[in-house]
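Chains as they are written, first to last, in this note's numbering: chain A, 1 to 688; chain B, 689 to 1038.
In short, the hints are calculated from the structure, not lab data.
Only pairs whose alpha carbons sit at most 25 Å apart, straight line, appear in this in silico SDA-like list of lysine to any residue:
1) B/801 x A/231
2) B/826 x A/242
3) B/910 x A/219
4) B/826 x A/219
5) B/788 x A/219
6) B/801 x A/234
7) B/826 x A/231
8) B/788 x A/231
What follows is each chain in one-letter form.
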Amino acid sequence: MPRDADSLSRFLWPVLIGLLLLAQFAGSPGDWFIAWPTEWVLPFTSSLNTAMDWFVETAGWFFRGLSDILAVPVSAVQKFLHWLPWPVVVAVTAVLSWAASGWRLALFSTLALLYMVVVGYWPESMNSLSLVIISVPLAIAIGFAFGVWGFRSERAAGVIQPMLDMLQTIPAFAYLLPILLLFGFGPVVGLIASLLYAFPPMVRNTMLGLRSVPTDIVESGLMSGATPRQLFWQVRIPAASRQLLLGANQSTMAAVSMVIIASIIGGTADIGWEVLSRIRKAQFGESILAGIVIALLAMVIDRITYGFAGREADDGERSASPWSRHRYLWIGLVAALVTFLLSTVIPALREWPREWEIYPAEAMNSWLEGFILTWSEFIGTLKTIAFYYLMLPVRVGLVDTITPFSWGFEFTPAMRWGYGAAVLALSAWTWWRGRFHLAMTIMFLGILLYFGLTKLSWLVLVLMAGALGYQLGGRRLAVGTLAALGFLVLAGIWPQAMLSVYLCGIAVLISFLVGGCIGVIASEVGVVSRVVRPVNDTLQTMPLFVILIPFVMIFKIGEFSALLAIVAYAIVPAIRYTEHGLRNLPNDVIEAATCMGCTRWQLLTQVKLPLAMPVIMLGLNQTIMYAIAMLVIAALVGTNGLGQQVYIGLGDGDFGIGIVAGIGMAIIAMVADRFTQGWSAARQAAYS
Amino acid sequence: MDQPVKLACRNVWKVYGNHPDQFFEQGNGVVDDASAHAAAIRDAGHIVACGDVSFDVHVGEIFVIMGLSGSGKSTIVRCLSRLVEPTAGEVLLDGENLLKKSSAELIEIRRHKMGMVFQSFGLLPHLNVMDNVAFPLKLQGIGIGERRERAQRVIDLVGLGGRERSYPRQLSGGQQQRVGIARSLAVEPDIWFLDEPFSALDPLIRREMQNEFLGIQEQLRKSIVFITHDFLEALRIADRMMIMKDGQIVQVGTPAELIVNPADDYVAEFTTDVPITRVLTAGAIAREANGQGAGEDLPEVAADCCVEDLLPALASAGSVRVRGDGGVLGVATAADVIRMLARESRAEGR
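Looking at chain B on its own, in the form it has when it is part of the complex (with noise of 0.2 Å):
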């Protein structure tokens, strides 16, 4: 990554019990051996809720984190914006500690560097589309007039003009998370948390709500933590991910990494629903197959193309020369990438 780092979390402990700080002789967090560690802890009847978390999130980068319900997602994002308090570790916002901060402090970076979006919406049911928008600004203090102003641009940026005066009860789902987003981008937030924005909505409003999201993204560029339970949608909208499981870490990377290289069964095991030619990139089969040779006259393609979009040239030229930013990768052949999804649903039988 060639961006600076905007949000770095390292070592973060979450424990649950009756006097979690027992286990923390220092509070950054770090041991020997984490998953030991937490096996201590879980033995000495407390809950781990989060063990040994560290992970760096880039500047305009989409950072998801991937696990079933109890594997401790929600918890670390909350550890990230300080709704919870981490027992133990450090949590980096451009270089500054947030967990030394005070409550006026934090106040303050909630009120103008973090926006959040909560899976069931959150919205004040009192208020409509607007001052629900608005309320963020109207907590800072901030005048009816401008307020108003800055409100409707990002209620028009996500598509609700003209409902302004709705109360939420009157929006549908997606409606009423487009609100939720709105309010979270009110405050121009440098980093931007979302905790399974689109879970509570149905299959085809979901997508439509990935789609916009993205737009979104590639208009305000934002630094962004993106919790979800659903595979496809990480996969969908990752430029890296990190896949929990009760509360660790199991592998961190972008979605091809994890699924040419899965760190063990529980992460294949994701991967096996996943429509490989979709995901497999002809960067990745590049590296895999370590060929040699520039092969100047072969056709050249990008290094994030899916193989799905690979086969015609292939079909022509039985090889192609892949290019990634930092120039050319190397060679990928039909047989480099029949062997690497041969692999992929040997994988898959077992």
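Chain A extracted, bound-state conformation (with noise of 0.2 Å):
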């Protein structure tokens, strides 16, 4: 940092959290600056509501059609997928495995889809698959064509950058309603939701794939004689074709986990919907076999999609007959050919006979209240320390936390003098010790554990936050932050969006701190690699409802289950970053460290996690984006804040509510991402 920034911001943060701690002590909740004043906030919510119900009233017979043509082609794959024998949709899914990876994946695939079958969820998966059949071509169709015009035009890749931002941080629910509204009711709905949602990944991929195909392929299909059309089809998407594959299988899985997601509206019958209403209905063994249908669902389609990526191209040598060309083709017809003929003369395997099912929910029930029974001593306690000692001092604050009542004993003035005498004396150490950046931090963390964060002044946050941008991103940024967050205050949505950052932050401190140290564990033992990566796999592919169900069975509906879901979700990018970047050093610097006589402990703490941390800080701004698209499902579990005012809207059907939360949700997601990618860009720049 330069000279003078640096006086700047020692000079600034000083006087910021002054102005933070004189505001607490001498303001009262009443007051303007703590909280924004109800009768001061800005109508945003009913002024959409009225340019929405205008727009539908206006527009709608243009979406109702477009509902009804694309509901056309769903019911048809639809019952399509229910006339065909279930034996038929096992032998082709075995067979596509087979050619996109190997008999593994084969065997894997033709055991989940049995597993549907077994358990009877057949119908519903079928249901899902439906959508998802329909919704990913044509996702990575318009995918494509955005792609390839922001790649032809740089003009065109200006809007069209920030347009996928919107679109993949408004939490996808916000934007169920508005669908809701202009296409009514139907599957369509779980249609172009997924469509909305699943598209951008294709666009960046198609993007960064023709981007990146080097020059002197370019140019020497130009010095062959290609003409424009020759050199983009026949040179550069060629080229690009593994990143185009990524990019659908992404789009894939995206879409995937939408049509999970929108069946939220209901009326679909589909996998989603059944559990989503046992998870309500608190019928936790239907939920966990139904839950595990869509996982299974989820991971077949990704290892697939994924194969076909990933294959490298035929390896010569083999012959060309029309035969071995095509071998997977002929396979799979011979294959769906012979299981239809067999289903006509076997009616089980027509359809699958129900006094055949295998549906354990009832003993799994019986089971997990054995056990919460056994355990509940634990668990209590668990969620109690978690509850008196983490969630709610950051919440309310030390002063209403400390009572007889959870702590045991009263905060006394005594307690609050020794209290901040501790704070003070703490940071002034490290101020002292030369660290003026953690002194300030410790500071605020200090005033922020004392009064909790949704009793600090918005005013005072407002302006440290903008401070911040400014330090991180210079003007650009700091304008930016504070225009987001006063939209935040003037829409009246500060109270939610500070308890959605208190919920996030804990979860996002808990999964940076675990996940780093298993990444770091993982990074220098082979063994915990290999063990950690394919559940990370597993969880990343999990769709975010499946992930919830666990945490709920045992630790009820609330804002703890809550937490372990974003957790066990938000880790993934913490993990896998850390090992990344420990894993991936320049190797003469760790060879020099060794020559001057590094211990292990040394160089991992001296040499290697110094280094890496430009990519560990963009595993946090990962950590941070996963908690929060996790946030918001994790509503559906009860927790306050934005997530739960995105289902009040969807719930009441009321448009301007939902889509504020949403934005808010956004610009939270948005704040965090640049402030992050701008302080790993600090430091990047910084080694460099």
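Could you fit the two chains together into a complex? Lean on the hints.
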């Protein structure tokens, strides 16, 4: 950091901290700078509702018509999949898996589909699958078109990028409602929602893939005398094919997860709806059985598409007869035909008999009850500790948390002074050691813990965020941050936003610390790495719903379950990036350090970790993004904050509330994203 | 040179910046003082990638462009093929200005008259050796039978017979560049551009590839523009060479001329590591010595005989008669050779 920026920081932060203290001690909860008065809230919500009403009235016919048109192929595919005997689907999927990556995947797919049959969720699974089958090609086609456009024209790329950012950061639930209002009820809502959610990854990968085709290849195409069209289709596209297929894989996964999420609007009789309604009725055995179906469906689709993306081009030396070139096609056709014929003879292959279904929900429920009874004391203690000693202090502050009822003693004035002195002393000591920014952080956290995040003055917090933005990304980021946070205040959703930030913050903290440790260990110990990797893969392909189930089962509905679910999901990038960062350091530096006589511990703490810090910070960035994504889903099991607002909007059909809260979450996500990226970039720049 | 000119580069400029065209009133790039003009352009915040570059490439000649990175040599070869659009100047292929051609005409010219080899090969990763080599033919719409046959011919020429079905990633760097060479030759081009073709290869392979390249050229007699940053490579293969610095020509000439009469310190710098006895030819010494008298009884040597090979004859006879293409050039005495070598080593000692 340049000298004048440094001195500015040394002046600014003590002033801001002082201002915060002043506001907290002088102000009372009713003051305008602590909580924005309700009568000052700008009527975003109602004007948005009016606008939407007008739009639905004037343009609604168009979207209804579109909906009717789209409903045709969806119901056709649905009918076809239902008509098709299940062994045919199993056989075709197995051959597809085999072609994609070999017999292991074929075996896995077969078992996964058999599970759906045996448990009796076949029709529901096929309903979900039919939506995916229609939405994926559309999403890929649209994404590809936008990607090519963005590749061709710089100006188009300038428009497309922020659009993608918006689509991917506004929680999906928030745009379910406008789709619902425009397109009317029915499976098409799920289709449109999954389209909107699934095409951005394809756009990004298309642009990236086409941009990163080496110049040599393009020039060699030109020198071979390619016309512009030949250059595009025969040189650029094949050379970018790996990236394009990865994009297709990511789009497919997004479509799958969105189809599941969209079932929240109901009436679709698909597997997502099954899980959701079971969770709501607290039927945990049933929800787990259905949840496994979703997880399996997602994994099979992911592995197959990923297999095709990662497959090396055929390795020469093979004869080019029609049989061997299309052998998977032939095998698939034969398998489909054979299974179809068999199913006409054997009725169980036509439709799995109900009495053969294995549905151990009852047994699972009673086992779970027993489990919870046995461990109830432990579970209760864990919840209490987390609640009273971590979550409550952050939310409402030590002032209101420490009572004889919760901590067993009174928060006496002497203790308050002691706490204040301790924070001050720690902060002063770190400052004296030259760690100015750490000292300021300690001061801030001390104040936050004392008063609680939800009771801090919005005014000072917004100013602090602006100052931080200025230091991390210059004037533009500062202005952007002030405007974005100003919107939260003016729209009257600051309190809910702080509740979201609080839950997310704790979850990110836990994920980052625990995940970072696991990542460090995994980078040092090969066995750990090999164990952790498949778990991460599974967590990442798992639709977010499913992650909730086990936590809700054991810890019941509430913030604690939500917290654990968020951590379970957000810990993945923390682990991944830490391990990746530590494993991919320049070898010469490691060798040099080893030659200087570093012990393994010194090597890790003094060489590897500092060098890997930029990558680890990117991991933090991703952790925050994952946590925010999960936050909305976790609101299903009872959290306060913006996630809940989004649901209220969806539940009451109140477009304004839902979309304002959705934008609010997007704002938090984007500010957090820019801050961490700015920080990471500054660190990286300092190294090079 | 007795051969006709194949490709002529006339006052070619390539300027990068916001408004590069403002510096050239006429498109032909002719200016009074090129260096001053380039300096003016630089002062205006533009970048001169190449400035006022002119040279001729004759039929069957290997013309090497030598320069360090950033000297503009890659830009100039791309201007010749119009992969990069020159800001001003003329590029004449068989007397026709390439820069005036429409894009359709240009595609035709590239399909039939030009071949290019790239430093990092530029192979299409999804095609095997056969299909990579046949790719330019496929673009022309030639049927699969003929295209395979013609591709097979050049694949055999570069010694890759038997590897037709391998994919680029299965080949070593040297083999990949053979594919690149075969592909560029598949259309039987008149003019052949090679942009640092061997720079990405390790030294032993590089030497082997240079020999094979010379062998292929022996058979095909193409007109060649060869880019390199390696002075020794340039010496090995060049008929004539051009040294570039900061986008401008420093010197053009045969390797021996450059060594014997470096235009400036920059050129002389390159020659310091060159084993002078391998490069200095009898012809250069005879011309320099300007010695009179035919010396009928002296042993006769060819003009391109290098000093190293001249030594035994000098040791026995004291001086030799040098014969060039057009007859006897003159006499080179041992003293002439020593004087020349002494001058060179003085230059080195500086």
